[in-house]
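Visitor: Sequences are here, hints too, so could you generate the full structure?
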Amino acid sequence: MEHHIVLRVVAKMLIPIILLFALYVQFHGEYGPGGGFQAGVIFGSGFILYALIFGLQTTKRVLPAKVVHIMTGLGVLIFAGVGVFGMLRGGNFLEYGVLSADPVAGQHLGIILIELGVGITVTFVMVSLFYSFAGYRQQKLQPSVTGQGDAGGNAP
Amino acid sequence: MTAIGLYNYWIVFFLMMAGLYVVIVSTNLIKKIIGLNIFQTSVFILYLSIGKVAGGTAPILADGFSVYSNPLPHVLILTAIVVGVATTALGLALIVRIHAAYGSVDEEIIYRNEP
Numbered sequence: 005m006e007h008h009i010v011l012r013v014v015a016k017m018l019i020p021i022i023l024l025f026a027l028y029v030q031f032h033g034e035y036g037p038g039g040g041f042q043a044g045v046i047f048g049s050g051f052i053l054y055a056l057i058f059g060l061q062t063t064k065r066v067l068p069a070k071v072v073h074i075m076t077g078l079g080v081l082i083f084a085g086v087g088v089f090g091m092l093r094g095g096n097f098l099e100y101g102v103l104s105a106d107p108v109a110g111q112h113l114g115i116i117l118i119e120l121g122v123g124i125t126v127t128f129v130m131v132s133l134f135y136s137f138a139g140y141r142q143q144k145l146q147p148s149v150t151g152q153g154d155a156g157g158n159a160p
Numbered sequence: 029m030t031a032i033g034l035y036n037y038w039i040v041f042f043l044m045m046a047g048l049y050v051v052i053v054s055t056n057l058i059k060k061i062i063g064l065n066i067f068q069t070s071v072f073i074l075y076l077s078i079g080k081v082a083g084g085t086a087p088i089l090a091d092g093f094s095v096y097s098n099p100l101p102h103v104l105i106l107t108a109i110v111v112g113v114a115t116t117a118l119g120l121a122l123i124v125r126i127h128a129a130y131g132s133v134d135e136e137i138i139y140r141n142e143p
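Sequences listed follow chains A and B, in order. Residue numbering for the first sequence is 5 to 160, as defined by the numbering used here. Residue numbering for the second sequence is 29 to 143, as defined by the numbering used here.
Some hints could be false.
What the hints assert, rightly or not - So the derived label-pair ranges between C-beta atoms look like this:
| hint | chain 1 | residue 1 | chain 2 | residue 2 | range |
| --- | --- | --- | --- | --- | --- |
| 1 | B | I62 | A | L56 | 10 to 20 Å |
| 2 | A | A84 | B | L100 | 16 to 26 Å |
| 3 | A | V66 | B | F42 | 36 to 46 Å |
| 4 | B | I88 | A | M91 | 22 to 32 Å |
| 5 | A | I9 | B | T107 | 35 to 45 Å |
| 6 | B | G33 | A | R141 | 49 to 59 Å |
| 7 | A | F31 | B | G92 | 23 to 33 Å |
| 8 | B | G92 | A | E34 | 12 to 22 Å |
| 9 | B | I88 | A | L92 | 27 to 37 Å |
| 10 | A | H7 | B | V110 | 32 to 42 Å |
Treat the hints as calculated values from the structure; they're not laboratory data. By construction, the Cβ of each residue, glycine as well, lies at the ideal position given by its N, Cα and C atoms.
Guide: What follows is the structure in structure tokens.
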């Protein structure tokens with residue numbers, strides 16, 4: 005879709021706004037409707053829109069598949085790390101009050117970090133799903149030249 | 029009057045039956061997944077409708093509000109939406125493999141090509 009100039013221009017204008025709105029939803033989730041799941045999907049859809057307009061290869065230069073896989077795990081690590089850190093400070097798993105000297109400040113810190121972990125994981129899982137579906141045809145072309153039919157491994 | 033006032037349940041019925049119809053009647057596997065998603069959405073709306081308390085606000089403590097909507101169905105549905113995305117991705121991945129093996133996503137053709 006690289007030759008559609010209207011799509012290119014509109015996407016270039018929209019993508020920063022989409023990413024900014026995702027950050028708003030992410031950090032507004034502490035006080036109002038919002039949170040990591042929604043923000044992650046919006047943030048991921050920004051990258052997916054970029055990939056749809058400018059092509060998968062360009063997007064993989066911006067966001068390599070390796071980085072996507074590492075970040076997927078990093079989000080889960082942040083989530084679990086906050087929980088285990090609360091245990092190390094003498095509370096229960098995911099007890100935010102003990103994260104800081106002041107319980108209220110600890111609760112603020114805890115929910116922001118947890119939502120950050122959720123947001124990162126959801127963003128990169130969405131991008132990862134898109135990569136694996138969008139990149140399928142390109143991977144498949146090589147084995148189907150030699151092997152007949154059942155491409156994609158584990159043939160008996 | 030009550031029947032019209034509870035219009036969101038009518039929307040739930042309509043979407044649920046539309047989704048079920050698409051799942052049963054369509055022979056195209058992609059369309060089946062779309063029908064399944066419509067069905068899923070109707071269940072989301074059903075749960076969110078149950079969680080709404082008349083006159084209630086978002087369940088966030090603030091001055092001047094004492095009635096809040098029930099947040100539990102919302103949280104359940106938040107999880108269900110995420111699970112729905114995962115199941116849709118799994119279904120589409122299976123369809124991609126079926127297409128690689130049979131050369132079609134149409135059930136009739138798949139049955140015909142079955143060895």
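Visitor: Against this structure, judge whether each hint is valid.
Guide: Each hint, compared with the structure:
Against the hinted window of 10 to 20 Å, the Cβ-Cβ separation of B:I62 and A:L56 comes to about 19 Å, which satisfies the hint. At roughly 24 Å, the beta-carbon separation of A:A84 and B:L100 lies within the given 16 to 26 Å, and the hint holds. The supplied range of 36 to 46 Å is met by A:V66 and B:F42, whose beta-carbon atoms lie about 42 Å from each other. Checking the proposed 22 to 32 Å range against B:I88 and A:M91 shows it holds: the Cβ atoms sit about 28 Å from each other.
Our hint of 35 to 45 Å for A:I9 and B:T107 holds, since their Cβ atoms are close to 42 Å apart. Distance hint for B:G33 and A:R141: a CB-CB separation of about 51 Å, consistent with the stated range 49 to 59 Å. Look at A:F31 against B:G92: about 25 Å separates their beta carbons, and that is inside 23 to 33 Å. The hinted range of 12 to 22 Å is satisfied by B:G92 and A:E34, whose Cβ atoms lie roughly 20 Å apart.
Taken as a hint, the range 27 to 37 Å holds for the pair B:I88 and A:L92, whose Cβ atoms sit roughly 30 Å apart. The given range of 32 to 42 Å is respected by A:H7 and B:V110, whose C-beta atoms sit roughly 36 Å from each other.
Checked against the numbered hints given earlier, the structure satisfies every one of them.
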